[in-house]
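Visitor: The primary structure of each chain is shown beneath.
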Amino acid sequence: MSAAGHFAYWVTIFLLMAGLYILIARGNLIKKLVGMSIFQTSVYLLYIAPGKLIGGTAPIFAEQFKVYSNPLPHVLILTAIVVGVATLALGLALVVRIREAYDTIEEDEILALDDKLEREKE
Amino acid sequence: MISAHLPALQVALPLIAAPLMVLVRRGGIAYGMMLAVAWISLLISLLLAQQVADHGPISYHLGSWAPPWGIEYRVDALSAFVLVLVSLAAAAVVPYSRRSVEAEVSREQHYLFYAMFALCLTGLLGITITGDAFNIFVFLEVSSLSTYVLIALGRDRRALTAAYQYLIMGTIGATFIVIGVGLLYLMTGSLNLVDIAQRLPDVAERRPVLAALAFLTVGISLKLALFPLHLWLPNAYTYAPSSISAFLAATATKVSVYVLIRFYYSVFGETLVFKELPVPLVLLALSLAAMFIASFAALYQENLKRLFAYSSVAQIGYITLGLSLDSVGGLSAAIVHLFNHALAKGALFMLLGGIMLRTGGVSLHCVCGLARRMPLTTFGIVIAGLSLIGVPGTAGFVSKWALITAALEAGLWWLVLLIVASSLLAVAYVWRFVEAAYLRAPAPEATEKIEAPWSMLVPAWVLVALSVYLGFDTRFTLGGATRAAQMLFGAGG
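Residue numbers (our numbering), protein chains in the order written: chain A, 774 to 895; chain B, 34 to 526.
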């Protein structure tokens with residue numbers, strides 16, 4: 774297959790790297806979660822793209838349908854989406870609590886606050 | 034009749050209990066249910082272990098759908114062993130939780146705490162029992178998400194950031210695992226672990242398979258806190274509520290080690306992973322780094338929970354070291370250390386929870402002269418610490434001995450020296466506690482006895498006693514581990 778035939782994979786890899794980069798490089802806790810979400814979404818594509826055949830239908834056993842798409846990856850990814858949503862929701866809830874406790878959602882400011890507390894103790 | 038459905042019950046019981054606890058909304062009732070669930074789980078896992086020992090591996094078809102289409106629950110010598118470990122930890126930690134949760138978690142959240150605990154137990158048992166690759170991911174997320182919540186329930190506000198950090202790193206790990214499973218599915222068209230293993234040799238294109246192996250290795254290593262992917266662990270263990278620190282230290286990383294062993298030996302096969310690729314070399318180097326760097330880090334900690342969290346990273350190094358030796362001896366040393374370390378660490382964190390309750394902190398200056406005020410707690414910590422070091426007469430010695438024997442079998446005498454040297458580091462960090470608790474004088478105004486409540490001492494001491502008992506009677510631990518290792522090598526070729 775040509776590079777164009779692998780289009781879905783290129784998009785997957787791009788999203789994967791972009792998400793991971795945001796996750797690592799950003800200090801804002803919300804932006805990190807955005808990166809995490811993109812990172813997880815790229816995997817949905819990795820599963821679904823190979824399951825789809827052009828011109829394929831749902832697996833209906835009948836005369837006029839010859840080419841089927843594989844439904845299993847879709848089902849798996851439905852589960853993965855649910856997991857992703859739950860993770861994102863929990864992450865956002867934690868950020869709300871962090872904001873209440875620290876009054877900031879910047880990672881470096883939070884670390885500085887923790888360090889200050891530690892030094893005051895000693 | 035019911036004994037045929039034990040594999041399903043093992044997972045379904047805590048899974049059904051969790052929403053029921055949320056519905057009743059009473060902390061006391063939720064606690065009672067959780068206690069029943071944990072003890073029945075222990076019973077089920079022991080029965081399963083007995084069945085496996087008598088009749089060989091159990092294959093349970095969920096909803097009677099035959100594998101590879103349906104989801105298969107598979108209990109063999111290794112998973113039965115880990116199931117017993119997880120449910121034993123839960124059975125010990127739940128009775129302990131009552132007092133410690135009352136002190137650390139606000140009252141209206143108690144039922145939620147136990148519901149999350151039940152879900153966490155579900156996830157860990159599910160990961161261990163399932164024979165389906167995607168199912169592993171789902172259970173992994175069930176246990177991880179509930180763990181994040183449980184850690185965030187800690188009193189300190191740093192528990193929130195610890196939970197957030199773990200959420201980010203855990204999700205990266207889990208996503209890597211899904212990518213690995215996805216690539217395996219693309220190449221073999223199957224999700225059943227046994228089925229994948231049978232189809233893999235026929236796969237012509239090797240590169241995606243190797244990529245799957247790499248993604249799975251990194252993803253699982255994040256979850257098992259293999260050095261240098263351990264950064265989430267110290268904070269998570271330090272700021273979580275005491276009973277959760279104990280439960281996680283005893284189970285979470287151990288179950289991930291199980292998943293790694295499962296994928297290496299039962300799916301990819303020993304030949305591919307250990308003979309054709311430099312995996313053993315990488316594992317060896319990282320294990321040694323963990324054993325030394327994490328032990329040194331432990332030496333400089335003021336907070337005892339954090340000290341023993343770093344010690345956990347070091348001890349995981351011993352487990353992966355056993356794996357990297359690629360022999361029946363090495364693998365069984367890894368599996369037996371998984372069990373023995375879980376007992377010692379579970380006991381340690383439970384006893385530290387008692388100190389936390391009575392003195393309000395677990396930093397080294399809080400425990401000055403504590404031996405006179407909490408004699409049972411401190412003595413328990415010392416014995417569990419001896420097991421960490423690997424002193425003869427404790428369970429830790431059995432696994433260290435197995436590890437050293439395996440290293441000698443492989444002809445790596447320098448490795449033996451390194452194992453002993455890193456044990457000396459363990460002596461040093463355990464000594465820091467002993468020195469503070471036994472040799473330093475308590476503050477003059479604080480001399481009255483403040484022993485931890487019985488409900489917290491007894492479960493912890495049960496684990497301490499087991500750590501000593503299993504140092505002498507190795508039939509279940511070393512015997513079980515050796516059987517599991519022989520089975521894995523038999524299956525791998």
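Derived by calculation from the structure, the hints in this document are not laboratory data. Nothing here was measured: the structure is a model prediction, and the numbers come from that model. Among these hints, one or two may not hold up.
Here chain B is said to cover these stretches of chain A; the calculated rule only asks that three of the stretch's residues, wherever they fall, bring their Cβ under 8 Å from a Cβ of chain B [said to hold, decoys possible]:
{"#": "1", "region": "778-784"}
{"#": "2", "region": "798-804"}
{"#": "3", "region": "828-840"}
Partial selection, computed: residues in chain A whose CB lies under 7 Å from chain B [to be verified]:
{"#": "4", "residue": "I795"}
{"#": "5", "residue": "M809"}
{"#": "6", "residue": "L849"}
{"#": "7", "residue": "A874"}
{"#": "8", "residue": "I883"}
One-sided excerpt, in silico: chain B residues whose CB lies under 7 Å from chain A [unchecked claim]:
{"#": "9", "residue": "Y181"}
{"#": "10", "residue": "Y197"}
{"#": "11", "residue": "M202"}
{"#": "12", "residue": "G215"}
{"#": "13", "residue": "T515"}
{"#": "14", "residue": "R516"}
Where a beta carbon is used, it is the ideal one built from N, C-alpha and C, also for glycine.
Visitor: Against this structure, judge whether each hint is valid.
Guide: The hints, checked one at a time:
1. 778-784: That given contact is violated, which follows from only 0 residues of the region 778-784 of chain A lying within Cβ reach (below 8 Å) of chain B.
2. 798-804: Coverage by chain B is violated here, the residue count being 1 at a Cβ distance below 8 Å.
3. 828-840: violated (count 0)
4. I795: violated, 11 Å
5. M809: Because about 6 Å separates A/M809 from the closest Cβ in chain B, which is inside the 7 Å limit, the hint holds.
6. L849: A/L849 check passes; min Cβ-Cβ to chain B is 6 Å, inside 7 Å.
7. A874: holds, 4 Å
8. I883: holds, 6 Å
9. Y181: holds, 6 Å
10. Y197: holds, 5 Å
11. M202: violated, 10 Å
12. G215: holds, 5 Å
13. T515: Where the cut-off is 7 Å and the nearest Cβ of chain A is about 37 Å from B/T515, the hint is violated.
14. R516: violated, 34 Å
Hints 1, 2, 3, 4, 11, 13 and 14, counting from the list given before, are not met by this structure.
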